[in-house]
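One line per chain: the protein sequences are A and B, in this order. Position one of the first sequence corresponds to residue 1 (this note's numbering), numbered consecutively onward. Position one of the second sequence corresponds to residue 1001 (this note's numbering), numbered consecutively onward.
Simulated from the structure, these hints should not be mistaken for lab results. Each hint should be verified, as a subset may be incorrect.
[Stated by the list, open to error] DSBU-like mimics (lysine-lysine), calculated; alpha carbons at most 30 Å apart, straight line:
1) A:K312 - A:K224
2) A:K121 - B:K1078
3) A:K161 - A:K253
4) B:K1078 - A:K253
5) A:K312 - A:K456
6) A:K253 - A:K343
7) A:K176 - B:K1078
8) A:K161 - B:K1078
9) A:K210 - B:K1078
10) A:K253 - A:K210
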Amino acid sequence: MNSVSSPRKSIVGSMIALATVFSFSAHAVDDESDLLKKAINKIEQLESKISTMETRHDAEIAAIRNENGDKWLTQQRAQEIRELVNDVLSDSETRSSLQGTPLTAGWHKGFFIGSADGNFKLEVSGEIQARMAFNNQPSANRVPPNYGPSSEYGFEMRRVKLGFDGNILDPSWTYKIRMAFIQNSPVTQTSDTFQNTLNNFVLEQAYIRKDFGNGFSITTGQWKSHFNYEESVSSTNQQFVERTLLNQYFNTKWIQGVQLEYQTATMRAIINYNDGGGNRNVGVVNIGNDSGMNVEWATAGRVELKLAGDWKHFRELMSFRGSDDGIQVAAAYNWQRGGSNNKLNGDFVGNSDGVNLSYTADFNARFSGASFFAAFLGNTFYSRPDGAAPVNSYGAVVQGGYFVSEDVELAARWEWLNVSGGTTNINAGPNPGNASAINAQHFSIYTVGANYYISKNAIKLNGDVGYVVGGVLFQNGLYNQLISGADYRSDQTSGSTGQVVLRIQLQLVF
Amino acid sequence: MNSLGAVVQGGFFLSDDIEITARWEWLNVSGGAYSVVSSGNTPIPATSPNALGSALNAQHFFIYTVGANYYISGNRVKLNADVGYVAGAIMFSTGLFNQNITGADYRADQNSSATGQVVARIQMQLLF
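Could you build the full structure based on these sequences and the hints that come with them?
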């Protein structure tokens, strides 16, 4: 606190001394002259002293004002008010039922509230993808009676999600809950179905994770399986409007189980035991006594090696200008046996009686303003009942993007799928949509796109167009993922080719 | 139709954060129609995949359960585990007020002389 001693006290003291001097002079006339001289000298000394003190104090006050402006007095008062407020708050905490440490809140890649010490935190996030899609399927690809129009188009809310995540007790205990409205798609709508009746809010992820330090952590609950790279990257961080059709064929999507993770600066490995790919929100015991289990056992694992860059580079498929270089290679598997009571189900091969061994290897490179991704995927469906022959599926994807300016990117992609040894049942009957993932088929899809990143992945406008060479003869992937989510339709003849999909999408993430 | 039941349970902390527990429960339903399974007005054979045990089925069973709990932070973060053993047959799949026993990971038995169903559960809980 600034303080200034007043010269007024010195002046008063001097006047008292002066009065004393005059008192003595009244009783000693003989020495009047000497006394008068002494008094005059004393007064002159005092005047000089007062002048010096005034000059010094004026200089001090001027210095303080120069330093603090007009606030030099209000700061002291503000400090007093602050102390008073703190006293009131401390008192109120002892009288309130709300216990806890001081609160912080704000926005950092999402809205959050938390304790000041960081031990408790809750983040709220959301995702909106508003899409317009156009699908054209040549007439030669379809068979009566469910002939349908060649072209289907319209708007859809491809993804609308809300999420909560954070930590509790300390940063090592983390959690995540993510929910999504069921996705609408114009290509799945039927004449007697109102889409709005399907808009349920479903749980996608809910897990608890404990970080044990030294790179080890355990996760339990329900989450997206880290099998293939493309699916592991968030839907908000894709380079095209939608992931590949190949991804819909192979990805294991949501799983329930327990997972061990280990990470170093350059390597990351996971292994889990789960309830099978594509099985979410399922109970252990089902109603109906012989319903059986979805799968008898399932496990998945993935190993990633980071040869350059940061891990965060590979959380998104694009690489903005100014980003550091990064290279990653990885391999993964998903191995599961479907329930012994589950007859072959074209919609969900992974849960059918038999064993599915899926495997993949992928490569990623990131540069300033350019990116490259390639992956190979395969699956063997074996140990089938009645000695049925194994079905082998192979696929590959290569894609890349290049920024032509700070916020505009061009991208291209090639994907390929080959399924051999399966039954060539294209389901040309009354339910042509139930094309199975183990149908023998072979096709390539060529996709080109352009992205306008208004605010990177927080707000972006995507557009792309895809062309199929060959027939898409499945509607649900091996683990029950619909191709309609990518705005494709299953073709109905083995000689099909030429399906076209065009998509435009605006995305907002908060 | 009369349905009677009882439950007795207790817990004991071995340390500040580890508890062991035990529970005994009993259900007796007498006077009900001895239809092992039924749905609406149409009886369904017990072997049917759509078999649904009625809460009015005459039945009598005990369940003995023992458990251990590790309270990492009270009930906010805890790890529970227990094992239950049924002496007798559970002849219902939904309670009087339509609550499924599947929520407790039990299944309806399909014959009145059944016994010995076992359920083991382990669970991680987090509240925020």
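Sort out which numbered hints this structure fails and list those numbers smallest first.
Hints that this structure does not satisfy do not exist here, as all of them hold.
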